[in-house]
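Below are the chains, spelled out letter by letter.
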Amino acid sequence: MALRADEPLVLGIETSCDETGVGIVRGHTLLADAVASSVDEHARFGGVVPEVASRAHLEAMVPTIERALKEAGVRARDLDGVAVTAGPGLAGALLVGVAAAKAYAYALGKPLYGVNHLASHICVDQLEHGALPEPTMALLVSGGHSALLLAPDITSDVRPLGSTIDDAAGEAFDKVARVLHLGFPGGPVIDRYAREGDPAAIRFPRGLTGSRDPVYDFSFSGLKTAVARWIEARRAAGEEVPVADVAASFQEAVVDVLTRKAVRACADNGVDHLMIGGGVAANTRLRALAARRCEDAGITLRVPRPKLCTDNGAMVAALGAEMMARGRTASSWGLSADSSLPVTETHVPAPQGSHGSHGLHTHDHVHELSKKNLYDS
Amino acid sequence: MLLLALDTATPAVTVALHDGDEVIAESRQVDARRHGELLLPAVDRVLGEAGRTLDAVTGIVVGVGPGPYTGLRVGIVTAATFGAALSVPVHGLCSLDGIAYAAGRAGLEGEFVVATDARRKEVYWARYADARTRVTEPAVDRPADLTEPLAGLTAIGAGAVLYPDAFTDVRADMPEHQYAGALASLAAERLRTGGEFLPDTPLYLRRPDAKVPANYKVVTPQ
Ligand SMILES: [Zn+2]
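The listed protein sequences correspond, in order, to chains V and D. Counting in the numbering used here, the first sequence runs from 1 upward without gaps. Counting in the numbering used here, the second sequence runs from 1001 upward without gaps.
To be clear, the hints were calculated from the coordinates, so they are not data collected in a lab. As the structure is a computational prediction, the values presented were derived from the model and not from experiment. Hints may be right or wrong, so weigh each one.
One-sided excerpt, in silico: chain V residues whose CB lies under 7 Å from chain D [said to hold, decoys possible]: (1) Val49; (2) Val62; (3) Pro63; (4) Lys102; (5) Ala103; (6) Tyr104.
Heads up, the beta-carbon is just placed ideally off N, CA and C, and yes, glycines get one too.
Between the sequences and the hints, there should be enough to build the whole structure, so can you do that?
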């Protein structure tokens, strides 16, 4: 692909969960995707520990920025802008990335774009398959989110159609893996076992698929409990648990509901494209079933390569570059990290009249564990 | 020499510019809950007041704590990123040393202890022979456990003010929180005399809370 010098060269920083990601793009072209993960430090706790993640982000930040610049072969001063995940995500983790992005943009004299993590997951596909069709239908599935989003304009108009009412899809994978003693994170290992198992061996429940249930919302808590009960009953009876069959049947229940609802959303809204993103998009069965169902329904499926589906800085850079290309307002130096940034806020522009540098936004940062103000610890 | 100093280890979000001789601009806002929002605008304001730009800075000075982690990290990651972007050194200083130095300039003499609020009914503290000389490693403890070892010693800082029963001679007229101007002056002095600095990594003093939230990172579109 030919590089066009008039396309914005943007560095993106992502720290919403346990990956410190720094990516560099020029327009729709990926130049670098450097990621430092603290996942191993969380493994023994069976989930992401916020304080451990925040500490790891601070340690990894400068080295990861420098690795990305080297990988892209560009000089910092040649960047046109700096983008950062402003939310949603873990509050303390986001704050490290936002502070770093502000300092970097300010030191380079470049504009800062605080962008939405979910919109970034969608926009990253521009690096893989070119400009997003408008509107785009997106299914985002990860340890933190499960959502169906309709995006007429990824820089300014993203509409939530449905989301999980309890656990995220990736969380269900983690919890089932825990019950099966397969470790953390659960997604890749369940996927691996499922390949050896029979997806029709056990008929696990499909949440929220009744005729009166919300059409686009998801529920994975009941499924997770049903799987745990089934396993415990086997163990109580002294029988061996058929791990591969349980993994395959559980995974089938998840991807069946996800793909069915996503295809339905496309049909209902007259959209002929479906984009799937988030860590669970790396699941091989989800990819296969989505491909088959989309083909049957005449829908074009767009799924980026797995490394771009999980949290990374390139996706943030991709959305930042699109913001610049479309002339969206930059963020102020007072930009906040917002752990519950609504998906409808695709980015956080400077308040009007703030001249991009003094606008302040006030709200409380609440800690994930204690529900106390984040700054109390 | 042009030093940019910043500290977010106490409720004060504070930034100062020091030209090697004196502090030429300083900002200090006490708001324990908005370090992330307040710091960069303060840097911008301080540079503007001094009529300088960031690329004229020859070194960054940062208070590395101890202090509540969330706020502390904002200052340290900002300093580290400035250092990398500008290719200038980042000099870490114990934040308590800045408060001690400010107390010295405010006229405090002799031995004393600096204590700041560590939340969870604890204080961060260190003992000083004088305003420039710390004689213990910074530590975190319950104030009641310090009553005996620090008996008779003058105590300054918000931690001392907060727990007057645990400390003897509490000087509420002395600085409670950090002043980046004091931190910058201390750094300038150490640079001149070849004194030592700390790496730009936080003095956490406590292990992380190793608990996973029941619903970690659940993101529900609204
Ligand atoms: Zn994500």
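Can you name, in rising order, the numbers of the hints this structure does not satisfy?
-> 3
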